[in-house]
Amino acid sequence: MSLFTITTGNRADIDILHLNGELDAHTASQLEDAFKSLISKNRNKIIVNCAFLSYISSAGLGVFMAYIEDVRSMGGDIKLTNMSSKVFNVFDLLGFPALYDILDDEKDAHEKFTQP
Amino acid sequence: MSTTKEQSLLVRATTENIAHVRNFVAKCAAECGFTVTNTDEIRLAVDEAYTNIIKHAYQFDETQTVTIKVFCESDGLHIIISDKGKRYDPETYSEPNVEERIKLKKRGGVGVYLIHKLMDRVEYRHEGALNEIVMTKKF
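Each protein sequence line maps, in turn, to chains A and D.
Numbered by the working numbering, the letters in the first sequence go through residues 71 to 186 in order.
Numbered by the working numbering, the letters in the second sequence go through residues 362 to 500 in order.
The following block holds chain A by itself, in its conformation from the complex (with noise of 0.2 Å):
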């Protein structure tokens, strides 16, 4: 069975979910279920932490997909940080770096969601 987690934090007004293990059509209700929850609350900047990330398939890009509007539209986003190269070239083979904020490290997500 996949294995996967979720581990959520909060720095101010940005939210952190860090995702660990392998996210795939039996996993990615957890990521769904973690939005949902916070667009309930009306948290809207969002950091993703790939850092172990290590496995994607499209039913986890699918989340990504089904949210990013309702994020964005509330003024907010949802940035990814610390992908592996092997996660990033499945994000990359459906064009997701011109459509989402894809940056090396949380420091560089706070930095953008904090700038003036």
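Hints in this document: simulated from the structure, not taken from any laboratory.
Virtual Cβ for every residue (Gly too), placed ideally from N, Cα, C.
Heads up, a few of these hints could be off.
[What the hints assert, rightly or not] Counterexamples of contact, computed for chain A against chain D with all Cβ distances above 12 Å:
| no. | residue |
| --- | --- |
| 1 | T78 |
| 2 | G79 |
| 3 | S107 |
| 4 | K111 |
| 5 | N114 |
| 6 | I172 |
| 7 | L173 |
| 8 | D175 |
| 9 | E176 |
| 10 | K177 |
[Stated by the list, open to error] Simulated crosslink set (SDA-like; lysine to any residue; CA at most 20 Å straight-line):
| no. | chain 1 | residue 1 | chain 2 | residue 2 |
| --- | --- | --- | --- | --- |
| 11 | A | K156 | D | N399 |
| 12 | D | K467 | A | L169 |
| 13 | D | K464 | A | E102 |
Following the hints, position chain D against chain A.
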């Protein structure tokens, strides 16, 4: 590089088995002599094909089964994934516009696209109630 070798797996059509299925084929690919990068591509293509069967062919009916056969041959790896569910019509496939799908808040619809990007050859075969997707990755 190995000569022809067949390995097979029969599993229930449930998302709980996705990791088992993709890792089984990835192990076959590695044993067949594929690089880590190519093995990762094969692993993802198999995940997408198996997930599509669970969702679309069997519509999450976990009592159904899926057979995965892997052939390591001199020209590369051939993978046949079989089901007896609703037939997929490849004529309905068109390359997804991801930007458009995001605007419409639509997910999915990109698995078949990934399979075609990751594999060298993809065929769909049907015989009676049996549906097969045949995927080939060349060395």
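The hints, checked one at a time:
The Cβ of T78 of chain A lies farther than 12 Å from every Cβ of chain D, with a closest approach of about 22 Å, so its non-interface assignment holds. No beta-carbon of chain D is positioned within 12 Å of the beta-carbon of G79 of chain A; the least distance is around 26 Å. No Cβ of chain D approaches the Cβ of S107 of chain A within 12 Å, the least distance being about 17 Å, so the stated non-interface status holds. No Cβ of chain D comes within 12 Å of the Cβ of K111 of chain A; the nearest lies about 19 Å off, and the non-interface call holds.
With 12 Å as the threshold on Cβ separation, the claim that N114 of chain A sits away from chain D holds: the shortest Cβ distance comes to roughly 15 Å. No beta-carbon of chain D is positioned within 12 Å of the beta-carbon of I172 of chain A; the least distance is around 14 Å. Separation of L173 of chain A from chain D is adequate, the least Cβ-Cβ distance of about 19 Å exceeding the 12 Å criterion. The non-interface label for D175 of chain A is consistent with chain D: the shortest C-beta to C-beta separation is roughly 23 Å, beyond 12 Å.
Remark: the non-interface label on E176 of chain A is consistent with the geometry, its nearest Cβ contact in chain D lying 24 Å away (cut-off 12 Å). Chain D leaves K177 of chain A outside its interface by the beta-carbon criterion, the shortest separation being 26 Å against a cut-off of 12 Å. A hinted pair counts as satisfied when its Cα atoms are at most 20 Å apart, and K156 of chain A with N399 of chain D qualifies at roughly 11 Å. Restraint check for K467 of chain D and L169 of chain A: the C-alpha separation of about 15 Å stays at or below 20 Å, so the hint holds.
This hinted pair checks out: K464 of chain D and E102 of chain A have alpha carbons roughly 17 Å apart, not beyond 20 Å.
Violated hints for the displayed structure: none, as all numbered hints are satisfied.
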